[in-house]
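Trainee: I would like the entire structure built from these sequences, with the hints used as guidance.
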Amino acid sequence: MMNTTAEIAESAFQDTLNVLQPECSEKTIRITLDFFSNIPLWPYENFVTQILEKGFEVCLRRIFERTENRCRLIIITTMLNWFSMAHMDNDEVLEFSSLIEQAAQLYQVGQYSESFQEHVFSDVLANFVGSSNGVYSLVGCRLMVRFLDRHCNAAYLSMPAIYYEFSQTPLKVAEYNGNDKAFLRHYREQIHDYSIKVVQYHSYSQINLRTMFSLIACTILEVPCSLTAAAASCLMMTIQDFALTQEKIPDRSRFWLHAIVLSIMSLICWVHKAPDLYRYVNEIISRRAKDAPQLNPPLLKTYNLQSHHAYWKKSTLFFEDWELRYGLWKHFQAARLLFCLAVFLAVLFTDCEGRTKKVVIHVPYKVKKIKHVHTVYKTIHHHHTHHDHEHGLVPDDHEHFHHMHLLEEPSPTHVQAIPEFLPDGPLDLPLDISEMPRDIPLKSIRHGIPLYRQK
5 MMNTTAEIAE SAFQDTLNVL QPECSEKTIR ITLDFFSNIP LWPYENFVTQ ILEKGFEVCL
65 RRIFERTENR CRLIIITTML NWFSMAHMDN DEVLEFSSLI EQAAQLYQVG QYSESFQEHV
125 FSDVLANFVG SSNGVYSLVG CRLMVRFLDR HCNAAYLSMP AIYYEFSQTP LKVAEYNGND
185 KAFLRHYREQ IHDYSIKVVQ YHSYSQINLR TMFSLIACTI LEVPCSLTAA AASCLMMTIQ
245 DFALTQEKIP DRSRFWLHAI VLSIMSLICW VHKAPDLYRY VNEIISRRAK DAPQLNPPLL
305 KTYNLQSHHA YWKKSTLFFE DWELRYGLWK HFQAARLLFC LAVFLAVLFT DCEGRTKKVV
365 IHVPYKVKKI KHVHTVYKTI HHHHTHHDHE HGLVPDDHEH FHHMHLLEEP SPTHVQAIPE
425 FLPDGPLDLP LDISEMPRDI PLKSIRHGIP LYRQK
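In my numbering, the protein residues as written are 5 to 459.
Watch out, some of these pointers could steer you wrong.
Beta-carbon label-pair distances, calculated as ranges [claimed, not checked]:
hint : residue 1 : residue 2 : range
1    : Lys277    : Asn183    : 21 to 31 Å
2    : Gln112    : Pro174    : 20 to 30 Å
3    : Thr173    : Gln210    : 34 to 44 Å
4    : Arg65     : Asp95     : 12 to 22 Å
5    : Gln121    : Ala350    : 12 to 22 Å
6    : His190    : Lys294    : 41 to 51 Å
7    : Arg70     : Lys277    : 38 to 48 Å
None of these hints come from the bench; they were simulated from the model. The C-beta atom is built at its ideal place from N, Cα and C for all residues, glycine as well.
Mentor: Right, dumping it as structure tokens:
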């Protein structure tokens, strides 16, 4: 009786589609979505198969293109629920997931917190990314990349590579946004844990590892801040430890994992322009190129090792956790100090006597470590007027060198949690100092008014 009812419902549904052509008008799109998302109407397990075989796939793709943006997320969540109610083989999963990926690609993402409901990320991470089924995990990672990738970088992240300091790459780094940082902070532990499960379950699958690499790289590019850099570094150290200590994986999988670790670390350096960290990463690259090139990107299907490449487990070929922690801490602390210094100098040199002229502040810097003291050289170019009692006002150009000695803070202690060595609080600021406004109008001095009361 159940089969007869299901067949009648299916037949009526197909006849309705043929007559209404729901993709042709907004009203029928809404009616179809309401009908389509009513899960109790479809208790039989071959429902997804019927969608693929009966041509409703084409109808869905047209609906994705015509419907409102908010409805696309409803479609995505509804279709994700079908995975739990239908039994599909791997080919059907991949074919059906392509529908979800298209909807995710068309979904216009703004700020993450405004674009996604809280349960969406958690469900995808738990039920797909961390799945022991390789196909489900692949689908989850691809879907997460679609969600996070607002600047279309995924096309250039299909294979791990080395990102050198002066590499010409089409990758786009997003502008810093505090709300996006807060959003990823909320999911940081889940992304970490389920990414580790991808490595544990699917280290033998190159395509799974490459998709996981794309996911981590997207978080670094889309939210460029201390949080994502530290979280990605912590994840990479865990993956490196797994590759070194796990006994039941082939050497080829170890090579893949070590190459991914190096690629992500070089990407962090490239995004944040961290010279000290770059030097350390380049040292590892050079040592590997000489003694163990199989540990560097790209990922290969087969490795032909020379005799002197067989001894690749030397400690000098791998990243030291404390070196990375210190390199990140030093870079972001220096960025914070430079930002504060730039703001201070901007305020200081915008108050001068005489006519109002244009000030141009350049912020190139060079930091040297000399006997536990940081000497910061700042160059400020500005145009202003001098009072000359004999010759009147004479405009002149000057170059001032300001030497500031800042006592170096002690290096952080070795801890596991990310916030202890890279505090989020003081670092909630854009990292790209070069984006600071170049033209700052001058204001005349207000005698007798303290600086902090100026408006």
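Trainee: Any hints from earlier that this structure breaks? Give me their numbers in increasing order, please.
Mentor: 3, 5
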